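Enquirer: Following the hints, put chain E in place on chain V, whose structure we already have.
2 protein chains.
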Amino acid sequence: MKILVTNDDGIYSSGIYELWNVAKEFGDVTVVAPSTQKSAVGHGITIDKPLYIKQIDRGNGFKGNSISGTPADCVKIGIKKLTKSIPNLVLSGINIGSNLGNNIIYSGTVAAAVEGAVSGIPSIAFSLDSFSPNSFATSKAVIYKVLSLLLDNKPPTGTILNVNIPNCKPEDLKGYRVTSQGKQYFDDNFDERIDPRGRKYYWMTGKINDDDEDLDCDGFAVKNNYVSITPINFDMTNISYINELKTIFENEEN
Amino acid sequence: MKILVTNDDGIYSSGIYELWNVAKEFGDVTVVAPSTQKSAVGHGITIDKPLYIKQIDRGNGFKGNSISGTPADCVKIGIKKLTKSIPNLVLSGINIGSNLGNNIIYSGTVAAAVEGAVSGIPSIAFSLDSFSPNSFATSKAVIYKVLSLLLDNKPPTGTILNVNIPNCKPEDLKGYRVTSQGKQYFDDNFDERIDPRGRKYYWMTGKINDDDEDLDCDGFAVKNNYVSITPINFDMTNISYINELKTIFENEEN
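In order, the protein sequence lines correspond to chains V and E. Just add 46 to the spot in the first sequence (first one is 1) and you have our numbering. Just add 46 to the spot in the second sequence (first one is 1) and you have our numbering.
Chain V on its own, in the form it takes in the complex (with noise of 0.2 Å):
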């Protein structure tokens, strides 16, 4: 099984080392990453300026591509220039930090996984609850687990898991929850300042708010210290309001 292997902290975070760690034992991993830190990034790619491309090696045998892009970016270049065949499968993490709720969709992390589901690639992104792991023994057993899982259980095409693991030990996890993608949101404001030029300029600030109560919804699954795996495709369409659109604005014409 050929294997590309991304992120969005960058090819020297701590994430990705781990994510490879595991990957290998399940096939030939081929790393792809930014060249540095791209977080929040969303599904942005580089239309603007040329990538660059260089080989790392950071020790241990993990050796990969930095690229000097997007992990959108990543995945597209991985799967054109670095890999020889068409991947089997594409992992996206371990991000340090959860992607749930409503902020899915400023993740890099995220986005990585989403591309490579748009190639037809199963593809899952792992996020760890937590800005400062200090261990990722919980983070590997689910990793080891859910690709173990998934060898005979490939997703549909187009489907993307988006799993996200508590940051608890090993022994204080409680399982797994299948979950939709909840509410949770980021509550952000602008914090201002003046720049040593007398310019005013704004830092986003903010706290991340979740109100859900139903461990069928990711954020409430992770508080929980279950790990939650959440289906999610990039089709956007709002089915239900179709109907009713079209009788405001097909009746008229037609």
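Simulated from the structure, these hints should not be mistaken for laboratory data. This one's a predicted model, so the numbers in the text were calculated from it and none came from an experiment.
Just so you know, same-sequence chains aren't split out, so a pair can sit in one copy or run between any two.
In the DSS-like style, the derived pairs of lysine-lysine whose C-alpha atoms are separated by at most 25 Å in a straight line are:
no.: 1; residue 1: K292; residue 2: K269
no.: 2; residue 1: K246; residue 2: K109
no.: 3; residue 1: K229; residue 2: K200
no.: 4; residue 1: K126; residue 2: K253
no.: 5; residue 1: K127; residue 2: K246
Expert: For chain E alone, kept in the frame of chain V given last:
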């Protein structure tokens, strides 16, 4: 009515000027748009550097705020810092080039409208199916009509309208179709070159493919001179796969 107008082509784009021109007939418009071209940035937001705001006056009454960030940043800072109260409507566009099928995941135009919807504001993205339009006559008539019809028919909270306008004369417009997100995709590749310092670099290239042949698909509708209106949302859950995934992950555990 308070209307926030934004785009991804930047505040000096011809498209945002035309959108402003129609929008101001419906309410008080605040323009908040990127200072430069931000196509294909997807739903990126700026968290690793601060944002600057600059007041812009393009003449003919068009005044606005340029932001040193992404389209999603513009909507966030617009709502929090530049409108006196939460806007009643977010309009994004007119994008120079369509946003159809799979390709909407890369679109800054669509992301800006999604960002409005995340805040519970009715939001519409307008895109014109041409990279070199010589007239906005059709677009302006379409925007006028869409806004008029929607004044009394607000989409459900969280649903964005993705409106794509064919590049034809007003008299050649066949009508309006409420569509689903189709399968149009960008068949990308990478053009390899050598820079003056002898290093390889890669330009993303490729072409748009659209095999849909149904007027209920966004791309085919536009190709046939219909305005395509797709209701989209940002809940990416693939509900249809949840039960099967539960048999894989939950039965083993519970």
